[in-house]
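K.L.:
Listed in order, the protein sequences are those of chains A and B. Residues 890 to 1162 (the working numbering) make up the first sequence, in order. Residues 4 to 178 (the working numbering) make up the second sequence, in order.
Please keep in mind that the hints were generated in silico from the structure rather than gathered at the bench. No residue lacks a Cβ here, since even glycine has one placed at the ideal position from N, Cα and C. Treat each hint with caution, since some may be false.
[What the hints assert, rightly or not] With beta-carbon atoms standing in for the labels, derived distance ranges:
#1 A1103(A) - E87(B): 44 to 54 Å
#2 L176(B) - A911(A): 50 to 60 Å
#3 T1066(A) - G69(B): 54 to 64 Å
#4 G69(B) - A959(A): 19 to 29 Å
#5 E1071(A) - R118(B): 38 to 48 Å
#6 A1054(A) - A128(B): 14 to 24 Å
#7 T160(B) - A910(A): 30 to 40 Å
#8 A1103(A) - A148(B): 27 to 37 Å
#9 L176(B) - P923(A): 17 to 27 Å
#10 R913(A) - E158(B): 14 to 24 Å
#11 A44(B) - P923(A): 30 to 40 Å
#12 T1066(A) - Y63(B): 58 to 68 Å
#13 I114(B) - M890(A): 19 to 29 Å
#14 R1160(A) - G159(B): 49 to 59 Å
[Claimed, not checked] Derived contacts from chain B toward chain A, CB cut-off under 10 Å, selection only:
#15 R134
#16 L137
#17 Y147
#18 R169
In case you want the letters, here they are:
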Amino acid sequence: MICPDREPALNALIDGELDPAASRVLAAHLGSCPGCAAGMVEMLALRGEMAALAPPASPVLAARVGAALAAEAAGVASPRPGATVAARAGRPAARRRGWKGFGRSLGGLAAGLAVAGLVLLVTGRLVRPGPSRGELVALSDAAGRLSLPLPQAPTSQGGTPARRAAGPWFRAAGVPTVPAPELAAAGFRFAGFRADLVAGHRAAVLVYRRRGGAAVALFAWSAGAGEGAHPPRRARVGERLVVYWNDGTTEFWAVGARGDGVRDFVAAYRRVA
Amino acid sequence: MRQPLDRPGRGGDPAAASERFRALALPALDAVHRLARVLTADRARADDLVQETYLRALRYFDTYQGERDIRAWLFAILRNLHREPHPPDAAPLAEADAVADPVPDPEAAAIAADRAQRLRRAIAALPEPAREVLMLREFAGLSYAAIAAELGVPEGTVMSRLARARAQLREALTP
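For reference, chain A alone in the conformation it holds in the complex:
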């Protein structure tokens, strides 16, 4: 249960609309209020689901809209929905297809696919099979909230996170028991672990810090039945870089700021773990 008086501020925080002073006050409150902390996790999960509900436009649609605007500006009989080539030729049966019309126009489709092919060449990474935008947004949000004092795993005495405690703790939390290796030789210091809910998955989270301070978070959850093993792939979410791979049983997602050693981290983790 979110404290009613904190609810607008929590919303503003996840929308990036809260000023730094108010953010610090709220972060302090989150550290001592499990209700608000859990509520915020729910709110972020909801946002991931909403992002998945409404994906960005496909290159095909972009090409189609561009072609329609060009035709309209050129004063050509505009390829509006409902005005198919067949319908213009006077076939009422085709007209009943109405809104689907433009796509059925062979000329329009060919032109659209030609432009789309060009777009795909340039932005090929957009259409490779991979994570949904919802998952990526949820991951990015999850990485973002690592800096907030959410309820997390116990630390050993003195406040140093106990790397060796991660495995048993993950097992008890019902998340994949992924290894938490020593990566100091590769320049990454172990900084903590926790469990989190990301895009509907119960995830184990490991946090490492590179010398100099930048954090890389590694999320891991059980792979779905239809997901095959694959080597690391990359995706960008705003200023964050996500490197993800699947070892056949577990999906791994490393998230960090772009240019901050995410790829080095993944190489080191996969070498040691």
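Let chain A serve as the given structure and place chain B on it in line with the hints.
P.N.:
This is chain B only, laid out in the frame that chain A set:
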């Protein structure tokens, strides 16, 4: 001739106006498409709505007020188009599915589809003022200030409507 700043669609020849429109409106394509996909679960219908929104926007570009966020203006057009009656849907287009979201396995897909359907229904069931703020924020990506300007309400009202909308959605999705 200098074109007045408050009416980007006015002045100059039609070709130049069309170019200005493309430069201003096409970057909003993702936002418009997201809004369309929330208004309708039908992928092909959403694509049609987006195209018709852009064509209508181009035709009425000379009425666009420059200080208004272009996404909010396109959203208003999209919403009006969505409310207009349209012919019954035909079979879905192969073209629209050319870049379908990856589907891991049928069972997971069914569960995800069910949740998405519940979320869609929950959004549709929101009171109009709350839904409008949620759409402008979550799918069009407008800032609180831009939403407040668009709706002519204080930012505090935007915040409280947004909080109410999200609380209601969380409530609706809790098993």
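K.L.:
None of the hints should be skipped; say for each whether it holds.
P.N.:
Here's how the hints hold up against the structure:
In this structure the hint that A1103(A) and E87(B) lie 44 to 54 Å apart at CB holds, the actual value being about 51 Å. Judged by the Cβ atoms, the range 50 to 60 Å given for L176(B) and A911(A) is violated: they are separated by roughly 28 Å. For T1066(A) and G69(B), the Cβ-Cβ distance of about 57 Å falls inside the hinted range of 54 to 64 Å, so the restraint holds. Against the hinted window of 19 to 29 Å, the Cβ-Cβ separation of G69(B) and A959(A) comes to about 23 Å, which satisfies the hint.
Between E1071(A) and R118(B), the C-beta spacing of about 40 Å keeps the proposed range 38 to 48 Å intact. Our hint of 14 to 24 Å for A1054(A) and A128(B) is violated, since their Cβ atoms are close to 45 Å apart. The hint said 30 to 40 Å for the Cβ distance between T160(B) and A910(A), and at roughly 22 Å that hint is violated. For the pair A1103(A) and A148(B), the beta carbons lie near 31 Å from each other, so the given range of 27 to 37 Å is met.
Under the hint 17 to 27 Å, the C-beta atoms of L176(B) and P923(A), about 20 Å apart, fit the expected range. Judged by the Cβ atoms, the range 14 to 24 Å given for R913(A) and E158(B) holds: they are separated by roughly 21 Å. Our hint of 30 to 40 Å for A44(B) and P923(A) holds, since their Cβ atoms are close to 36 Å apart. Hint check: T1066(A) to Y63(B), Cβ distance near 59 Å, so the stated range 58 to 68 Å holds.
Restraint check, I114(B) to M890(A): a C-beta distance of roughly 27 Å satisfies the suggested window 19 to 29 Å. A beta carbon spacing of about 52 Å between R1160(A) and G159(B) agrees with the range 49 to 59 Å that was offered as a hint. A cut of 10 Å between beta carbons decides the hint on R134(B): the least distance to chain A is about 12 Å, and the hint is violated. About 9 Å separates the beta-carbon of L137(B) from the nearest beta-carbon of chain A, less than 10 Å, and the hint is met.
Of the supplied interface hints, the one on Y147(B) holds, with its beta-carbon coming within about 5 Å of a beta-carbon of chain A, less than 10 Å. Annotation: R169(B) was flagged as interfacial toward chain A, and the flag holds, the nearest CB pair being 6 Å apart, inside 10 Å.
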